[in-house]
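So the sequences go chain by chain: A and B. Be aware that the first sequence starts at 1319, since it is given in the working numbering, and climbs by one per residue. Be aware that the second sequence starts at 11, since it is given in the working numbering, and climbs by one per residue.
Treat each hint with caution, since some may be false.
[Stated by the list, open to error] Below, computed lysine-lysine pairings styled on PhoX-like, alpha-carbon distance capped at 25 Å:
| id | chain 1 | residue 1 | chain 2 | residue 2 |
| --- | --- | --- | --- | --- |
| 1 | B | K134 | A | K1604 |
| 2 | B | K134 | A | K1756 |
| 3 | B | K49 | A | K1719 |
| 4 | A | K1479 | A | K1349 |
| 5 | A | K1764 | A | K1814 |
[What the hints assert, rightly or not] Pair by pair, the computed Cβ-Cβ distance ranges are:
| id | chain 1 | residue 1 | chain 2 | residue 2 | range |
| --- | --- | --- | --- | --- | --- |
| 6 | A | I1734 | B | I135 | 58 to 66 Å |
| 7 | B | T40 | A | A1749 | 54 to 62 Å |
| 8 | A | Q1945 | B | D42 | 15 to 23 Å |
| 9 | A | E1355 | B | F127 | 46 to 54 Å |
| 10 | B | F127 | A | S1869 | 57 to 65 Å |
| 11 | A | I1781 | B | T40 | 24 to 32 Å |
| 12 | B | A68 | A | M1767 | 53 to 61 Å |
| 13 | B | D42 | A | I1734 | 13 to 21 Å |
| 14 | B | V126 | A | S1869 | 50 to 58 Å |
In case anyone wonders, no lab produced these hints; they're calculated from the structure. Computed from a predicted structure; not experimentally measured. For each residue, glycine too, the CB sits at the ideal point set by N, CA and C.
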Amino acid sequence: MLVDLGSGILLVTFLSVVYAIGATAYGEIKKSAAFVESARRAMLLTWPLITFSALILIYLLVNNHYELEYVYQVTSRSMPFYLKVTALWGGQSGSLLFWSWLMSAFASIVMVRKWDRDREFLPWVILVSAITLAFFLGMVIFFENPFNRFWQTSNGEIAVKMFAPLGAIAFTPDDGRGLNPLLRHPGMIIHPPLLYLGFVSFVIPFAFAIAALATGRTDDRWIRITRRWTLVAWLFLSLGLVLGGRWAYDVLGWGGYWGWDPVEIAALMPWLTGTAFLHSVMIQEKRGMLKHWNMILIILTYALVIFGTFLTRSGVLSSVHAFAQSAIGPLFFGFIGLTFITSTALLLHHWDELRSETEMMSILSREALFLLNNLLFISVLVICFWGVIFPLISELVTGQKVTVGPPFYERATSPIFGVLMLLMGVAPLSAWGHSTVKTLGRALWKPAMVAMLVPLALVISGIHNIVALIGFTLVALVIFVTLYEFWRGGQARIKKSNENIFQAIGHLLSRNRRRYGGYLIHISMVLMAIGILGIEVFQTETQGTVAQGDSLVLANYTITYDSLAQFNTSGNRQVTRAVVSIHRDKKLLGELYPRIDYFIDSQQPMTIPGVRSSLIDDLYVLLVDWQPVSMKGATFKIYHNPLVNWLWIGTIVFILGMLTAVTPDKDPDYAPARPTDYVVSMTRRRTKKDQE
Amino acid sequence: MKRFLPIILFFLIFAGSRINIAAAQGSTPTDDEVNAIAKQLFCPICENTPLDVCPTQACAQWRALIREKLTDGWTEAQIKQYFVDNYGARVLSEPPRTGLNWMVYILPPLIILAGVFILIRSFKIWRHPTKESHGKDGAPLQETLSEEHIIRMEEELRKRG
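Given these sequences and hints, build the entire structure.
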């Protein structure tokens, strides 16, 4: 009964979305506000309906309804309650339903906003969000239905269908296979929802961009409306990426946080275009330039959001042939192609209406440096995109699989990230409109001189690695430039309003949240860069088999194997846990407990490192193997990861910066767009119509 | 004595190399020596997993194989080639620089260079605008609005408050 209800609700939701598409299209063609309003209400229905359906699925997951294939695949009786709830996004069909649920939530939020001033955008925003939602819902209902049940046919075979095949009876396994152990980590519980939130929220700026193109309102109104959406999308996507890195660090047992895996890159690619877009829209807002480019960036971001989901969901990464066999792979491919071609055609059709209103005055102006920043982000995107799809092309053309691994990406992207950091240091001091070597040099020389003390100090302290010297110099430059900007702003306020420096900086942050929130984000990025440089340049490792009481030595640490124990815990898990003591300079620092958890229901092991963390370094100890009978000897792999914690500290600063930037100043959404923009945009539209 | 010097040297060198080989073959390579090579190889059956950190039993056996080959005196290059011969180029962390694989190394720099070219060209156009976009005096042309358009715009603005 519940299963039928859950599935039936999904079907009703799908029909509602299809109706919204038809009604809004008809309303736009016939200029009927009633039909558009009807479509808006149909979209508003989707969120409560999908919520109801998702709640039914959660109920079935929590209550061990193994007659459902999805429940059987992702839960088991021994799993705790909270993991059964999060199993909603632990498998293919559940995660697609979750995607749809988030999409309907975001679409509903957009639908209830005040549309008085932007009524002409509404039909197009409904159309784009409804088409996206219909696509995902359609896949859930017709190809990856989480409400599919097991049926035993008359010849004894087990079939997975929504409805009973002729002569078949319901089949219910005693227990499920359980969630993949790797997905039982807190990081992995939060990581997918954050990534999905990031993905889905980028659909909204895209919808407004298409609305702006279709209606001819190509001024920066659509950018102002979606500024906070874009920031929120970027926040979620960034946090999703960082949490994914933290999960990899804690669970995958290879001592790192980023392995340039295609799945990671799939999430990174929309982040790259999204970051470029965040910078580029500022140029349009301030200078009325790069209108084409902003459209291209948001179209690319939307395409990459769908492409990222396609890569991870279609099976194409394991083999191009798996993609062809997968039911959803070709559909995804078709949807990406259709939306990309349609939106590009729309952009080309309105190309002339997107002319810049001013000109680039100087190659050292803020907008020119932002444009260079965009080029660098797109360069990283090109490398990532090509690195991900080349193995598929190779397999398709030559039949031979190849791996494009970390050495390729690291070699190709490191210099680009270096230049991006340099720009992060220089651009805040450059002026909008016009900037010369002299004016920029005058602003830059003080922080640059202080930054140059850093490599000097590093060389004196014995660090001669060239990558580290360049990297830390750039880090110092960004930090000093940002602090200098705060100091300059603070000084100006002190002169003007007689405040002390703390009050002045507090007011700076509250009065110009976007700018100073952005600076905080820059600081967070370089803090992360410190962690990345530390682990990439200075990481060391060793592996060895030692007898009880014997030690391994790495980076001034002595790691002594004390004991090993095996025991069973709740969750049907067998734990093998070693105790190692850590000494430095003969002083006991503490004990670590690296372990291997073996999940009996899913028959999979999980390696959990023992980690000693400080601001200076991490000592990361893995239990690799042990003598099963005597437990007298064990093999450990140990990583010394200098500075890695700055990566996570940077994330906290990043959240603070984003919260500052995203908090509204006065009411930017309803602040009037530059009148000239609107006039020019409407004039072009009218002129074109008149010509036609 | 000088006559015998080359012969003595030859024997010393040969003997020395024999001693080295014997030493290499005799000692068991450390885990770190094995991992140094395994790190450069990818698991032939798993998805994108470097061999040195792959937790599967199969990968443990491949690491044991590397140890065995090192004990037999094989060089790093020989071991990597052995894996390529047996499991294909996918075990390497980068495509070998042959045939179609050159595309992976050539195409991104070409696209990026094209981007740089477009950017430089755009800068030049922006800084030295074309005649079409500027009047004779070099000032940007203003959009000329007809009376009718101005009335329409005023209407639109009135409607929007």
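Hints, one by one, checked against the model:
no., hint, verdict
1, B:K134 - A:K1604, "21 Å, holds"
2, B:K134 - A:K1756, "21 Å, holds"
3, B:K49 - A:K1719, "19 Å, holds"
4, A:K1479 - A:K1349, "43 Å, violated"
5, A:K1764 - A:K1814, "23 Å, holds"
6, A:I1734 - B:I135: 58 to 66 Å, "25 Å, violated"
7, B:T40 - A:A1749: 54 to 62 Å, "59 Å, holds"
8, A:Q1945 - B:D42: 15 to 23 Å, "20 Å, holds"
9, A:E1355 - B:F127: 46 to 54 Å, "49 Å, holds"
10, B:F127 - A:S1869: 57 to 65 Å, "58 Å, holds"
11, A:I1781 - B:T40: 24 to 32 Å, "27 Å, holds"
12, B:A68 - A:M1767: 53 to 61 Å, "56 Å, holds"
13, B:D42 - A:I1734: 13 to 21 Å, "32 Å, violated"
14, B:V126 - A:S1869: 50 to 58 Å, "54 Å, holds"
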